[in-house]
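Given the coordinates of chain X, assemble chain H onto it according to the supplied hints.
Protein chains: 2
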Amino acid sequence: MHSWVDGQPADTVPLKDRGLAYGDGLFETIAVKAGQPVLLDRHLQRLDEGCRRLALTVDQALIRHELLAYAAALGDGVLKLILTRGDSLRGYGINPGAPARRILQGSPPATYPEAHGSSGVRLFPCATRLSEQPLLAGLKHLNRLEQVLARAEWQDADHAEGLMLDMSGRVIEGVFSNLFLVRDGQLLTADLSRCGVAGVMRAELLSRAEALGIVTTVADISLAQLQQADEVFVCNSVYGIWPVLGCGPMSWSAGPLTRKLQGIVRALLGV
Amino acid sequence: MHSWVDGQPADTVPLKDRGLAYGDGLFETIAVKAGQPVLLDRHLQRLDEGCRRLALTVDQALIRHELLAYAAALGDGVLKLILTRGDSLRGYGINPGAPARRILQGSPPATYPEAHGSSGVRLFPCATRLSEQPLLAGLKHLNRLEQVLARAEWQDADHAEGLMLDMSGRVIEGVFSNLFLVRDGQLLTADLSRCGVAGVMRAELLSRAEALGIVTTVADISLAQLQQADEVFVCNSVYGIWPVLGCGPMSWSAGPLTRKLQGIVRALLGV
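So the sequence lines, in the order shown, correspond to chains X and H. Mapping of the first sequence onto this note's numbering: residues 181 to 451, in sequence order. Mapping of the second sequence onto this note's numbering: residues 181 to 451, in sequence order.
No wet-lab data here; the hints were simulated from the structure. Since the structure is predicted, the reported quantities are computational estimates derived from the model, not experimental observations. Accuracy of the hints is not assured; some may be wrong.
Note that the list lumps identical chains together, so a pair holds whenever it fits in one copy or between two copies.
Straight-line C-alpha distance at most 35 Å; calculated DSBU-like pairs for lysine-lysine [said to hold, decoys possible]:
id	residue 1	residue 2
1	Lys260	Lys440
2	Lys320	Lys213
3	Lys260	Lys213
4	Lys196	Lys320
5	Lys260	Lys320
6	Lys320	Lys440
7	Lys440	Lys213
8	Lys196	Lys260
Extracted from the complex, chain X is given alone in its bound form (with noise of 0.2 Å):
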């Protein structure tokens, strides 16, 4: 399907955006069912912050607008939706208040192997840390060298994802999904206010496991924490939920949480 610029089908964008010479701006990455956006007014809500955070200007309800009706033109598939602070000539300096750029792009349904949520994956452990940024932590925003450099890392079909720790050695996330602990039936996830990127598979679950009584936690976590849960498992809202198995010397298998939560999601997601 043609992308859309600014709501009109393009292919291209100018050499002068923002977004290309300084990745100055955000993405949101969306599962497409049935021509509905899921999770939308979750994705929306990010968008909305990162939009505050960054001083982004956008008309919200007509980005809602155009999410519905290239997911309605769509179908099945994956919905990826770029702004950024439109053109710039030289120079840092932003222009307030003029329109960021929409650009929105469709791809067919994700092609990730079966057995990735079924039987589970091993997570590759990256060297690549993430660097500690409170003003930018948690966004989805273009900035995304270090997950560049941290997939990289692997070429093998073993890891299906990899770990990514920051500076300090806390354990973050996955290069594109947050990561989740089970430890005695409660779950943990790591706190992003320095860095990470604040999922929207991962504000839902802690949602839903709320709503189902299960003791949540978002704080800093260690390795030894990690290597000692009952329960690992990655998430995001394109593939869902996958169980860990491992991770370099670690090891966990797929447990009765992380198979009760993966039903919810895949209701969610129909798959």
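Chain H alone, transformed into the frame defined by chain X:
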């Protein structure tokens, strides 16, 4: 003058470009004087180092050839080169060995007030800190949201540049400049192994100072050291050198070593 993409006149890049998607690339901003790119070898050297560290595949001879041809046509102005990792459908994974996309953009000579160089400038004390990421430190990569946020902290014309510290409070650089201190006739500039951009003019000045027998040190710099400096100046490869008169409550005056180096740089830039 028309921009070039991979050697052909063009004004756009595909939406799938990884520079847009992830800031996955590098750039150089090069002064052009009488058809010649100034400090070309140093720009190419930094670019080469960046390509090596980001595993970007480029034909250095081809880039040099294009830069020389573009500069000759531009005459006087500023040439911006962006290298991106080309196109990508979805995901952070790279296609090793795929040639980088080469983007050349020309613009007229910079129009900073002449007084910035002759009288000096004030620096805005930016609250935005530089995060520490040794894997990216020193490179002029496309992940520049920290600079965008820092530059957005002031709008008044009283501040020509901003001062950026790292997360630990060390004095690092300007938003679009490097910073030098003079103390007892010696030069000091920040160690950029954790964060910051290793500017081409900074490298040239370090080399020139050494040739002149001026003791130069690259090390961590505290705010106290900055405050106690005899002279302070900022530099980049487009405007050359600006003496720094103050930053917040701190003040300095343009001194003899700053003026001496300004003379060298002016000859180099032909200004």
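Are any of the numbered hints broken by this structure? If so, which, sorted upward? none
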